[in-house]
Amino acid sequence: MARYYFKGIITSKKKESENVFSHTIFFEDNKILRKMKPGRFVMIWLPGCDEFPLSPLFYDITSSTMRLTFKIVGLGTKALASMNPGQAIFVRGPYGNGFAIPPITGLSREKPLLIVGGGVGIAPLLPLIHVITKNSLDLHVVCGFRSILDTFFVDEIYRFVGENLTITTDDGSMGIKGTAVNAVRELLKRKHFSYAFACGPEPMLFKLHKMLSYKGIPHQMLLERYVKCALGVCGSCVIDGFRLCKEGPVFDNTVLKRLSEFGCFKRLPSGIKEPIVDS
Amino acid sequence: MSLRVTIASLTLRHPIMLASGILGTTPSMLIKAYKSGASAVVTKSLTINPRNGNPNPVIVELRYGLLNAIGLANPGVENYLAECLEVKDDLSRIPIVFSIAGTKIEEYVEIARLISERGLGRALELNLSCPHVQETRLFTEDPKLAAQVVKSVCDVTSLPVFVKVGLSTNLIDVVNAVVKHGASAITAINSVRAMVIDINAKKPVLSSVYGGLSGPAIKPIALRVIYELYENFSIPLIGVGGITKWQDVVEFLMAGASAVQVGTAVYKRGFRVFKELVRGLQRYMEKEGLKDVRDLVGLAH
Ligand SMILES: Cc1cc2nc3c(=O)[nH]c(=O)nc-3n(C[C@H](O)[C@H](O)[C@H](O)COP(=O)(O)OP(=O)(O)OC[C@H]3O[C@@H](n4cnc5c(N)ncnc54)[C@H](O)[C@@H]3O)c2cc1C
Ligand SMILES: Cc1cc2nc3c(=O)[nH]c(=O)nc-3n(C[C@H](O)[C@H](O)[C@H](O)COP(=O)(O)O)c2cc1C
Ligand code: FES
Chain A
812 MARYYFKGII
822 TSKKKESENV
832 FSHTIFFEDN
842 KILRKMKPGR
852 FVMIWLPGCD
862 EFPLSPLFYD
872 ITSSTMRLTF
882 KIVGLGTKAL
892 ASMNPGQAIF
902 VRGPYGNGFA
912 IPPITGLSRE
922 KPLLIVGGGV
932 GIAPLLPLIH
942 VITKNSLDLH
952 VVCGFRSILD
962 TFFVDEIYRF
972 VGENLTITTD
982 DGSMGIKGTA
992 VNAVRELLKR
1002 KHFSYAFACG
1012 PEPMLFKLHK
1022 MLSYKGIPHQ
1032 MLLERYVKCA
1042 LGVCGSCVID
1052 GFRLCKEGPV
1062 FDNTVLKRLS
1072 EFGCFKRLPS
1082 GIKEPIVDS
Chain B
52 MSLRVTIASL
62 TLRHPIMLAS
72 GILGTTPSML
82 IKAYKSGASA
92 VVTKSLTINP
102 RNGNPNPVIV
112 ELRYGLLNAI
122 GLANPGVENY
132 LAECLEVKDD
142 LSRIPIVFSI
152 AGTKIEEYVE
162 IARLISERGL
172 GRALELNLSC
182 PHVQETRLFT
192 EDPKLAAQVV
202 KSVCDVTSLP
212 VFVKVGLSTN
222 LIDVVNAVVK
232 HGASAITAIN
242 SVRAMVIDIN
252 AKKPVLSSVY
262 GGLSGPAIKP
272 IALRVIYELY
282 ENFSIPLIGV
292 GGITKWQDVV
302 EFLMAGASAV
312 QVGTAVYKRG
322 FRVFKELVRG
332 LQRYMEKEGL
342 KDVRDLVGLA
352 H
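If you're matching them up, the sequences are chains A and B in order.
Mind the numbering: the first sequence is residues 812 to 1090 in our numbering, read in order.
Mind the numbering: the second sequence is residues 52 to 352 in our numbering, read in order.
The following block holds chain B by itself, in its conformation from the complex (with noise of 0.2 Å):
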């Protein structure tokens, strides 16, 4: 039976990745994300400067999810990069996606190109859709901004490029003008805008009052966008949104996701959670007698 999925140029061992922004602020644990079976792992979003992110409170618990608004916080892209060489050994085994985020073009290129000078990744995932955080979420709205990103980030790198959208009214555009200009896979989708109000304290928890809704809560929007576009376009897609059981990872692929993410699960499974949703892919496939897991993907459509 063959797990093996292909994402542009890279080949990962299944379709199963840690999803960006758990736990990726720093290179250790996406060692050891791997090493309890992710087939590949995510960083977390950075940017060209160190962030703090926003004050505390920045996360809220649900019954069907998680409310964040971490903010971006990361140590800034050099940083990064530096501790990363540190352990570069043990770097160097594993599929690394680079995300990034930025307020300007600019910032998306030079990121971009400081990555791919280091040669630690395997693939750049840029975030065009940060729900929270209002500069990154101007290029998930104007598909010319996106085009313009994704185009001057392929110009100075040679890692394939994943474009992550979130939930936006012209997501089709979005997509249709980043697939023009160079994108390798679209990530779907990052967390939605959303908020809450403690009745005893009377205000917003969080500090920046709004933040992004992940988990359970997301996943049948998740769907229905990687199911849409890959009715629209024959590019790669990543799903990603709520994946917590393993009939939610079959589910992503029927839609038509090549690979899947895994964010808000890692919290109520730890990085066990991996190896979960692996086995009982394989035992679907057994069950239903494929032979490859390739076989699955858009097989709802």
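Same shape as in the complex, but just chain A (with noise of 0.2 Å):
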């Protein structure tokens, strides 16, 4: 039987805040689910509509079932918000390398661990919370959002990892009125940490990184580029020499610093190299 996509059914739609949904998808074939790991995506096919990839934060064998957090931005997610339990979607993937776990060797139990996510970059990061969690490692994880109207999965995160938890908000609606990088440059001076993991908008990232870098913590981060096969053929989301679908989306520090185009440049459907704006 020709099969190009595993048919996924909504089970369940939650709305997690202002402009952010949640999925839960049911496969009958739970072979899509076998090879994801933490940090890899999936290409999601809305017939008629549009494709586009997505990190899954959840995902069990068992179930059956995939856990889709997306952001609205542009015609296919808001396709995708407005479908019901019931609905198929198509999935193909995993793709990608996904976050390296644990990132080294020998790593002791109790060196602290830092997560850094901002606004929807949270999504990705919630499968590596939870492992990093199972192995008892000492976990900190800073979020940060735009206003309290855009949180989400604070209470998962606490679950997790307790008081370690740090919020933001720009507005300072909830938690520390700043952003994710203040918080962290100020927890950078009680705290020395031994690795962190980062999934945000990129000035965010490459803010982190600089600091992160100066104080010499390894780190490893998941971008975002405009992904057409997600093969490694078509050159579309390419970082300098680097393929994010195949080398990427999870680059570490020994990469990111030679990426001239991170932090800088993103590119446009068609190629065109166009300034990365902090906003």
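I should point out that these hints are in silico values taken from the structure, not numbers from a laboratory.
Bear in mind the structure is a predicted one, so any value in this text is a computation, not a measurement.
Taking lysine-lysine pairs in the DSS-like style, the calculated list, with each CA pair at most 30 Å apart, reads:
| no. | chain 1 | residue 1 | chain 2 | residue 2 |
| --- | --- | --- | --- | --- |
| 1 | A | Lys922 | A | Lys1000 |
| 2 | A | Lys842 | B | Lys254 |
| 3 | B | Lys296 | A | Lys846 |
| 4 | A | Lys922 | A | Lys1026 |
| 5 | A | Lys882 | A | Lys1068 |
| 6 | A | Lys1057 | B | Lys139 |
| 7 | A | Lys1084 | B | Lys155 |
| 8 | A | Lys1077 | B | Lys86 |
| 9 | B | Lys139 | A | Lys1084 |
| 10 | A | Lys1002 | A | Lys848 |
| 11 | A | Lys848 | A | Lys818 |
| 12 | A | Lys882 | A | Lys818 |
| 13 | A | Lys1068 | B | Lys83 |
| 14 | B | Lys139 | A | Lys1068 |
| 15 | B | Lys253 | A | Lys818 |
| 16 | A | Lys889 | B | Lys253 |
| 17 | A | Lys882 | B | Lys253 |
| 18 | A | Lys1057 | B | Lys83 |
| 19 | B | Lys254 | A | Lys846 |
| 20 | B | Lys253 | A | Lys825 |
| 21 | A | Lys846 | A | Lys824 |
| 22 | A | Lys889 | A | Lys818 |
| 23 | B | Lys195 | B | Lys155 |
| 24 | A | Lys1084 | B | Lys86 |
| 25 | A | Lys945 | A | Lys824 |
| 26 | A | Lys1018 | A | Lys882 |
| 27 | A | Lys1077 | B | Lys139 |
| 28 | A | Lys1057 | B | Lys296 |
| 29 | B | Lys86 | B | Lys326 |
| 30 | B | Lys83 | A | Lys1084 |
| 31 | B | Lys83 | A | Lys1021 |
| 32 | A | Lys1077 | B | Lys83 |
| 33 | B | Lys253 | B | Lys319 |
| 34 | B | Lys139 | A | Lys1021 |
| 35 | B | Lys83 | A | Lys846 |
| 36 | B | Lys319 | A | Lys818 |
| 37 | A | Lys889 | B | Lys254 |
| 38 | A | Lys848 | B | Lys319 |
Two chains, each in its own frame: build the complex with the hints.
Listed below in structure tokens is the structure:
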């Protein structure tokens, strides 16, 4: 039988915040779940509409389900958000490298680790938080949002790390007023982290990368680029000489520091290089 | 042992090049492909204006190849050249073939002129055969039009002009026409117009319905085209279509290709495919007691 995509049925839907939705998807064939790992991504096809990449925040072979959390930014994500339980979506993948865990051999269980998420970038970090806390390592999580209206997953993450969770909002409506980067800067004064992971807007990641590198803390970051094939042939997702869909989307500090485009340029669907602006 | 081949004024360290459209939308990747072992690299086909290409989905993975309908997504020739100039020193050491696509003769000519002026390329490859962009397909169907494009482009450039053809019924007439009007080599073949339907979604997968089939599925067809062109013409031929193993390279050379291009195999094996193919070719030549790779060209005729 010719099968190009795995058919998934939406079993539940949740509005997480103003613009962020989650769908739980059930797959009759769980093959697509077997190769999942934190930081890998899948391509979601909505026939007649669009296809785009998302990183599942939860996946489980036993229940044959996956959970996707996404922010409405354009037509594709809007269409996905308007779908309801019982409806089908089509999924291929997973693709990409994912986070490397444990990141360093001989990692001592007491050495504190840091995870930093910005906005919807927190979603792909959830399975990582889950895996790390399962091994009972000392984990600190910093999540940055624009305002209290945009927050989500706060309770979930609190359940994993308790008081080690720091929330920031740009307008101070919840947690510490300021950005996640500011909070990390303060945290670094008090604590020595042995490793860090991050995902979020690229200007935030770039500032974090500089800060962590200065402190000599090795790290991995999940980046975003325009994905067309996800197979490593079309060149749409290239950052310098690296294909985000194959060698990424997670890059470690040794690669990040070699990327001249990181924090500065992204590419439009045509391949035109466009400056990244810090909003 | 010599693996050196010459196509018009282009001398290559060995016969295995990177095909157009494979990671070639950014100069950084062309440099990487060359450093990984390709003897020459072909850019993504460039158009006069930037193109977003078709909406997603634009690719389907098949057991025997790929079906793609990227739709000639590219930053446009001016943006591309500007980016090339940023890495001019690295690029100038690499044999780059600039691929050109257009909807009108004037566009091919203008792009060829811009590229030739900048002095970055070693050759031009006219894509007359993208199987899912209607406007470029016309050129490969009509020998008169094909001849006109080639002639007009040759008038504005001193670079060798390769003509990339696809699978068409009047291929011999088209090639005859372009050879007479100044083509320096023929690249064959482009991907082959095809489609797939997802039976669960009950829809064609590609947003544009039709796409181009590449990879092992089209190898015997591409090989036949090269063999046939070798019988009919004495112009250098560049074979492309489904080359995945060193044995495929040898087959194409024996059919009459002076060089080959590799596309789809990069998705399975990455850029290391170039070194693997070269090593295999070398071992075969050793075993057969061949001193010069050019002795393989057309051997099966
Ligand atoms: C590896 C990876 C993992 C991701 N994981 C998540 C996630 O878990 N949750 C989430 O909310 N978002 C995630 N994203 C971002 C998400 O893919 C885009 O928000 C989404 O594609 C927007 O689609 P659209 O059709 O709604 O927007 P459009 O209207 O098509 O475009 C709006 C913007 O979205 C981005 N975008 C659109 N299509 C693509 C594409 N094919 N590839 C990359 N970016 C695109 C571009 O920046 C574009 O300018 C991820 C992106 C990548 C590359
Ligand atoms: C993703 C993709 C994009 C392509 N884009 C182009 C292109 O822009 N111009 C072109 O002349 N050929 C293009 N091709 C065709 C290839 O250059 C080549 O002719 C074809 O894929 C057959 O070779 P292969 O089987 O080794 O891939 C593309 C092929 C693929 C798979
Ligand atoms: S999306 Fe990564 S190479 Fe095509």
